[in-house]
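Chains as they are written, first to last, in the working numbering: chain A, 1 to 184; chain B, 1 to 518.
Note that these hints are calculated values from the structure, not bench results. Errors might be hidden in some of the hints.
[Claimed, not checked] Estimated spans, in silico, between C-beta atoms of each pair:
| # | chain 1 | residue 1 | chain 2 | residue 2 | range |
| --- | --- | --- | --- | --- | --- |
| 1 | A | Pro80 | B | Pro21 | 52 to 60 Å |
| 2 | B | Trp105 | A | Asp133 | 44 to 52 Å |
| 3 | B | Gly437 | A | Lys174 | 55 to 63 Å |
| 4 | A | Trp152 | B | Trp105 | 23 to 31 Å |
| 5 | A | Lys174 | B | Arg137 | 18 to 26 Å |
| 6 | A | Gly170 | B | Arg157 | 20 to 28 Å |
| 7 | B | Asp476 | A | Trp152 | 56 to 64 Å |
| 8 | A | Gly170 | B | Leu498 | 31 to 39 Å |
| 9 | A | Val159 | B | Phe36 | 57 to 65 Å |
| 10 | B | Thr455 | A | Lys175 | 56 to 64 Å |
| 11 | A | Val159 | B | Leu79 | 15 to 23 Å |
| 12 | B | Trp105 | A | Lys175 | 39 to 47 Å |
[What the hints assert, rightly or not] Below, in silico cross-link-like pairs of lysine-lysine (BS3-like), each with a Cα-Cα straight-line distance of 27 Å or less:
| # | chain 1 | residue 1 | chain 2 | residue 2 |
| --- | --- | --- | --- | --- |
| 13 | B | Lys266 | B | Lys41 |
| 14 | B | Lys151 | A | Lys174 |
| 15 | B | Lys151 | A | Lys175 |
The beta carbon of each residue, even a glycine, is placed where N, CA and C say it ideally should be.
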Amino acid sequence: MTRIRLLSLVILILPGVVQAHHIRGIPHYSSQDHYPETPVYEVDQVVDGYDVTFTYYEIPGQMALDLAMYIRDTLPEPTPYEGPVNFLVWGRHEDPDQTHPFTAYRNATNVYKVGWVYEDAGAYYVRIVFSDDQGEHRAVFDLSVGESSRTWTYLGGSVALVVMAAAATGIIRKKRRRSPGTSS
Amino acid sequence: MNDHSCCEVDNGVHLMAGLPPWMFYFGVAAILVISFAFYFKKESDGGDWRLDLSRLAPVNYLLSRRWLQFAVQVPILLLFLVVLYAGFFGDQRINIAPVLTWTIWWGLLVFVILLLGKFWCFACPWDMVASITSRLRFWRVNREPLTSGLKWPRQARNITLAIGLFIALTWLELGYKVTTSPYATAMMGLIMLLMVVLPAFVFEKKSFCRYGCLVGRISGLYANMAPVEVRARDRQVCLDCKTKDCYVGNDRGYACPTGLNLGTLKENTYCTMCTECFKSCPSDNVALNIRPFASDILHYPKPRTDEAVLAVILLALTAFHGLTMTPLWEDLTGTSPSLIAWLNGVFGLGPLFSFTVGMIAILAVPFLLYQGLSWLSARIAGSGISPWRVLVAFAYSLIPIALFYHLAHNAMHVAMEGQAILPLLSDPFGYGWNLFGTAGQTYAALLGDQTVWATQVLLVLTGHVIGIKVAARAGDRLFGRGGRAIWAQTPLLFAMILFSFGSLWIMHLDMNMRTSLM
Ligand code: SF4
Ligand code: SF4
Chain A
1 MTRIRLLSLV ILILPGVVQA HHIRGIPHYS SQDHYPETPV YEVDQVVDGY DVTFTYYEIP
61 GQMALDLAMY IRDTLPEPTP YEGPVNFLVW GRHEDPDQTH PFTAYRNATN VYKVGWVYED
121 AGAYYVRIVF SDDQGEHRAV FDLSVGESSR TWTYLGGSVA LVVMAAAATG IIRKKRRRSP
181 GTSS
Chain B
1 MNDHSCCEVD NGVHLMAGLP PWMFYFGVAA ILVISFAFYF KKESDGGDWR LDLSRLAPVN
61 YLLSRRWLQF AVQVPILLLF LVVLYAGFFG DQRINIAPVL TWTIWWGLLV FVILLLGKFW
121 CFACPWDMVA SITSRLRFWR VNREPLTSGL KWPRQARNIT LAIGLFIALT WLELGYKVTT
181 SPYATAMMGL IMLLMVVLPA FVFEKKSFCR YGCLVGRISG LYANMAPVEV RARDRQVCLD
241 CKTKDCYVGN DRGYACPTGL NLGTLKENTY CTMCTECFKS CPSDNVALNI RPFASDILHY
301 PKPRTDEAVL AVILLALTAF HGLTMTPLWE DLTGTSPSLI AWLNGVFGLG PLFSFTVGMI
361 AILAVPFLLY QGLSWLSARI AGSGISPWRV LVAFAYSLIP IALFYHLAHN AMHVAMEGQA
421 ILPLLSDPFG YGWNLFGTAG QTYAALLGDQ TVWATQVLLV LTGHVIGIKV AARAGDRLFG
481 RGGRAIWAQT PLLFAMILFS FGSLWIMHLD MNMRTSLM
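Assemble the whole structure, with the sequences as input and the hints as a guide.
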């Protein structure tokens, strides 16, 4: 629930987040134009006659990502989609219906971009919904945020557990050997 | 029913179309015909042959080598370490951990059990780590291993722990969508490793394998269908044996890790095929036999309550597993109604709660149904047989249905998604490598949709035939033949037909492909 509240808050300040590209000194980019930053991920999906390219960019030092979609039709001379696009982002074990959507508008380079801040590292889905006179079109992509800082704790803890179990067993065995008559 | 072609991208989610209507109805009709044809057919007891592979010199040579198991386990352990590394340190969007674990290992494991019995336990990497850390040897015998050697608590000497873990891990796996997350996949691997290694320091032999390991216990029940077994060549030699080396161990081999007595061993359930008895037996009286399929399950010597409960749960959970992958359970695109969305609407307590409620309900329905029908069967028989005894005796007939549904479901995963491993081999950790030039490539499914569907229907029918034969034998043993006995068995025959229909029904639904979400 906390995460959902946080996401809603982030969505409220989204225009600020998107604006922040300029503050960080990153120029406008389209999904094909990566300079000076490489997207962490770029994938294409054809949905109902539209070719959707999804990329996302990490925002250094934050649990945040800029999500970018480039949508155009699949004709030999593609025309970019123009209408609004609805974004919904949710964690793998969250309920999409309890996450607030955000509507994005095409920017000067025909790309739809939103920034999203996340509470937890992990795997998420992004669903976009856009429409034309044929009706609604949807596409789902997956993305991931950050690295779990707990990895080393888990691994170290596991090794420590095994070592402790081995040491305890060794001590018990020694004691047993010293006092014969005790049975297991 | 659907009209998708195979693996269509529907609103951005890859869907594998379910069985076409004609195949579904064909399967339903075939189940009905088979049920009556096989159930009331008098069974002959022929065909109970054995071929002892260990009489072949090279096989005998290998089975008597101590390093054999170690050599087989090493590559599997390396793959397991790759999964852990990829899951913990690889790119979390896509790396080899989920595909290798859930599509390749879990997908193929059931086929391996069907063909090679408990071979997985022989090759098990968790067992390897447990053996090395507690025996302090790679493969030689240490007569003083690092273990407290306690006996497994008497009250827990059944497979309740394994059943509980199976339910808990299914809840984690599906509720948290572990199958699509590298990190969670690695976490599950680590937890499994600890669950096997830690008890090795505390309890004697491999008590966890015997009572607690969910993989071992599930594969144990399924392995009764396999055409391989480890058995005494001559039981009388074992019964006359004074030293019982296979049971207590000697300098050549460890004691049977699951405490089996070869003189009385008649089923595969608890044998891990570790081959220790081949080494320890001073009379060279152990055989690795090839035998007809389903030998043990058709002649199951001593039905047990805990195993019967696991059989019913296996059936329910495998069906549940299949159901959760359909848009009927959860629709990621949000375009059509789904059970999870409906439960969310009813309870309003979030997806995990809805998932848990759905899982409990789907587990309870087959169990209660089977209990009810067992009660009815006992009432009709009217000879003082308790409903619970009926349930325990007949539950083994569900094992083939569960196993072959499992095979049918996994066949789809392996055939339609198995090729996803090829690009990942070039870039196992998602670091942008291209080791074999396959990274970023897409490969066609290994089999066409028609072939997969036909295989699935065939597998379900095979499971049903074997299940019917097992039930007929259980019925004969419990009620005898003719008159009232036939009526008494009818409710359980009805249950089997219903469960097999259920298998086909789930397979006729479209399926969200896992790789589309990785
Ligand atoms: S019972 Fe479990 S831990 Fe033991 S060998 Fe089999 S799979 Fe491995
Ligand atoms: S010692 Fe023999 S009977 Fe016991 S688990 Fe190993 S192979 Fe099976």
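Taking the numbered hints from earlier one at a time, note which ones the structure violates and give those numbers from smallest to largest. The structure breaks hints 1 and 8; every other hint is satisfied.
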